[in-house]
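Colleague: Sequence:
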Amino acid sequence: MNSSMISKIAKAKRYAEEPERIQFTRFEATFRGENDIHTTIFDNGEWTCTCRFFNDWGDCSHTMAMQR
Numbered sequence: 001m002n003s004s005m006i007s008k009i010a011k012a013k014r015y016a017e018e019p020e021r022i023q024f025t026r027f028e029a030t031f032r033g034e035n036d037i038h039t040t041i042f043d044n045g046e047w048t049c050t051c052r053f054f055n056d057w058g059d060c061s062h063t064m065a066m067q068r
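Those letters in the sequence shown? Residues 1 to 68, by the working numbering.
I should point out that these hints are in silico values taken from the structure, not numbers from a laboratory.
Mixed in with the good hints, there may be bad ones.
Restraint ranges, calculated between C-beta atoms of paired labels, are given here [stated by the list, open to error]: (1) Met5 with Asn55: 32 to 42 Å; (2) Ile6 with Arg52: 14 to 24 Å; (3) Asn2 with Asp56: 48 to 58 Å; (4) Asp43 with Met5: 52 to 62 Å; (5) Ser3 with Thr50: 28 to 38 Å; (6) Asn2 with Ala65: 38 to 48 Å.
Heads up, the beta-carbon is just placed ideally off N, CA and C, and yes, glycines get one too.
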């Protein structure tokens, strides 16, 4: 194996052991609920979901599940 790759693997292992280095700022997931498929998004600390309940209440079972 190339020495550069070995160095990168060691660095990746070190990063994985230091989760405080990582901050999620945005991600999107498709959530297959019991009644429909919804898109759940985390963007700059805020959760959103395309389901009707989230639109009415600002929270839903999909975003709560993702936060766990």
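Colleague: All hints, please: hold or fail.
Modeller: Hint check results:
| no. | hint | result |
| --- | --- | --- |
| 1 | Met5 with Asn55: 32 to 42 Å | violated, 48 Å |
| 2 | Ile6 with Arg52: 14 to 24 Å | violated, 52 Å |
| 3 | Asn2 with Asp56: 48 to 58 Å | holds, 55 Å |
| 4 | Asp43 with Met5: 52 to 62 Å | violated, 34 Å |
| 5 | Ser3 with Thr50: 28 to 38 Å | violated, 48 Å |
| 6 | Asn2 with Ala65: 38 to 48 Å | holds, 41 Å |
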